[in-house]
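Chemist: If you use the working numbering, the sequence shown closes out at 100, no skipped numbers anywhere.
No lab work stands behind these hints: they were computed from the structure. Among the hints, a few may not be true.
Derived CB-CB ranges, DEER-like [said to hold, decoys possible]: (1) Tyr95 with Gly7: 27 to 35 Å; (2) Lys64 with Arg26: 31 to 39 Å; (3) Arg99 with Glu60: 35 to 43 Å; (4) Lys48 with Leu81: 31 to 39 Å; (5) His46 with Thr98: 36 to 44 Å; (6) Ser33 with Leu81: 20 to 28 Å; (7) Gly50 with Asp2: 28 to 36 Å; (8) Ser6 with Glu74: 17 to 25 Å; (9) Lys17 with Lys96: 26 to 34 Å; (10) Phe30 with Leu4: 16 to 24 Å; (11) Asp65 with Asp22: 17 to 25 Å; (12) Thr98 with Tyr19: 28 to 36 Å.
In silico DSSO-like links for lysine-lysine, alpha-carbon gap of 30 Å or less [as the list claims (entries may be wrong)]: (13) Lys17 with Lys92; (14) Lys85 with Lys64; (15) Lys96 with Lys48; (16) Lys17 with Lys85; (17) Lys45 with Lys92; (18) Lys64 with Lys8; (19) Lys96 with Lys64; (20) Lys17 with Lys32; (21) Lys8 with Lys48; (22) Lys85 with Lys8; (23) Lys64 with Lys92; (24) Lys96 with Lys8; (25) Lys96 with Lys45; (26) Lys85 with Lys32; (27) Lys32 with Lys45; (28) Lys94 with Lys64; (29) Lys85 with Lys48; (30) Lys32 with Lys64; (31) Lys17 with Lys64.
For clarity, every value in this text was computed on a predicted model and none was experimentally measured. For every residue, glycine included, the Cβ atom is placed at its ideal position computed from N, Cα and C.
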Amino acid sequence: MDILISGKSIAVTPSMKTYVEDRMVRLERFWKSLIRCHVEVSRSKHHKHGDVFVVYTWIESPGKDIRATSDATEFQEAVDLVYEKLERLIRKAKYKTTRV
1 MDILISGKSI
11 AVTPSMKTYV
21 EDRMVRLERF
31 WKSLIRCHVE
41 VSRSKHHKHG
51 DVFVVYTWIE
61 SPGKDIRATS
71 DATEFQEAVD
81 LVYEKLERLI
91 RKAKYKTTRV
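Let the sequences and hints guide you as you build the complete structure.
Modeler: So, in structure tokens, the structure goes:
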């Protein structure tokens with residue numbers, strides 16, 4: 001699976017890129033047919049919480065694309081939250097396409 005990482009109003013550091021790649025590669029355990037994973041990282045200023053990292057992902061798969069978004073005050077926490085959402089959505093999509 002190809003992983004494409006981009007930053008919107010934020011520079012993606014090598015450590016951020018490594019962390020995202022390590023998490024997203026693990027999604028292939030659930031469905032080998034995943035084609036490509038796009039990850040967009042941005043930082044916004046929330047009026048009460050300060051800086052908030054937003055991670056938007058979409059995965060190209062057989063059938064419909066899988067999309068998930070999460071936000072948190074820490075970058076790693078946002079990536080972990082979106083990973084959990086994607087895991088659940090991938091299992092659901094795989095079940096829908098492989099059932100008889």
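Chemist: All the hints need checking, so say for each whether the structure fits it.
Modeler: Hint check:
Checked against the hint of 27 to 35 Å, the C-beta distance between tyrosine 95 and glycine 7 comes to roughly 33 Å, which is consistent with it. With their beta carbons about 21 Å apart, lysine 64 and arginine 26 fall outside the hinted range of 31 to 39 Å. Separation of arginine 99 from glutamate 60 is about 21 Å and departs from the stated range, judged on CB atoms against 35 to 43 Å. The hinted window of 31 to 39 Å between lysine 48 and leucine 81 is violated, with their beta carbons roughly 19 Å apart.
At about 40 Å, the beta-carbon gap between histidine 46 and threonine 98 stays in the expected band of 36 to 44 Å. A hinted range of 20 to 28 Å holds for the C-beta pair serine 33 and leucine 81, which are about 24 Å apart. Separation of glycine 50 from aspartate 2 is about 34 Å and conforms to the stated range, judged on CB atoms against 28 to 36 Å. A hinted range of 17 to 25 Å holds for the C-beta pair serine 6 and glutamate 74, which are about 20 Å apart.
Remark: the range hint 26 to 34 Å for lysine 17 to lysine 96 is upheld by a beta-carbon distance near 32 Å. A hinted range of 16 to 24 Å holds for the C-beta pair phenylalanine 30 and leucine 4, which are about 19 Å apart. At about 22 Å, the beta-carbon gap between aspartate 65 and aspartate 22 stays in the expected band of 17 to 25 Å. Range check, threonine 98 to tyrosine 19: Cβ separation about 31 Å, and the 28 to 36 Å hint holds.
Of the supplied pair hints, the one linking lysine 17 and lysine 92 holds, its CA atoms being roughly 27 Å apart against a limit of 30 Å. Distance restraint check for lysine 85 and lysine 64: the Cα-Cα separation of roughly 16 Å lies within the 30 Å cut-off, and the hinted pair is therefore satisfied. Only pairs whose Cα atoms come within 30 Å are accepted, and lysine 96 paired with lysine 48 is rejected, the gap being roughly 40 Å. Taking the CA atoms of lysine 17 and lysine 85, the gap is near 19 Å; set against the 30 Å cutoff, the hint holds.
Note on lysine 45 and lysine 92: the hinted pairing is violated, with a Cα-Cα distance of about 33 Å set against a maximum of 30 Å. Annotation: proposed proximity of lysine 64 to lysine 8 holds, straight-line Cα distance about 25 Å (limit 30 Å). The hinted pair formed by lysine 96 and lysine 64 meets the criterion: a straight-line CA distance of about 11 Å does not exceed 30 Å. Between lysine 17 and lysine 32, the direct Cα distance comes to roughly 22 Å. Compliance with the 30 Å bound is thereby established for this hinted pair.
Taken as a hint, the lysine 8 and lysine 48 pair is honoured in the structure, with Cα atoms around 21 Å apart against an allowance of 30 Å. Straight-line distance between C-alpha atoms of lysine 85 and lysine 8 comes to about 21 Å, which keeps the hinted pair within the 30 Å bound. For the hint linking lysine 64 to lysine 92, the alpha-carbon distance of about 12 Å falls within 30 Å, and the restraint holds. This hinted pair does not check out: lysine 96 and lysine 8 have alpha carbons roughly 33 Å apart, beyond 30 Å.
A distance of roughly 38 Å separates the Cα atoms of lysine 96 and lysine 45; the hinted pair therefore is violated under the 30 Å criterion. Distance check on the hinted pair: lysine 85 and lysine 32 sit about 18 Å apart at the alpha-carbon level, within 30 Å; holds. Annotation: proposed proximity of lysine 32 to lysine 45 is violated, straight-line Cα distance about 37 Å (limit 30 Å). Our distance criterion of 30 Å between C-alpha atoms is met by lysine 94 and lysine 64, whose separation comes to about 11 Å.
For the proposed pair lysine 85 and lysine 48, the alpha carbon gap of about 25 Å is at most 30 Å, so the pair holds. For the hint pairing lysine 32 with lysine 64, the CA-to-CA distance comes to about 15 Å; that is within 30 Å, so the pair holds. For the hint linking lysine 17 to lysine 64, the alpha-carbon distance of about 26 Å falls within 30 Å, and the restraint holds.
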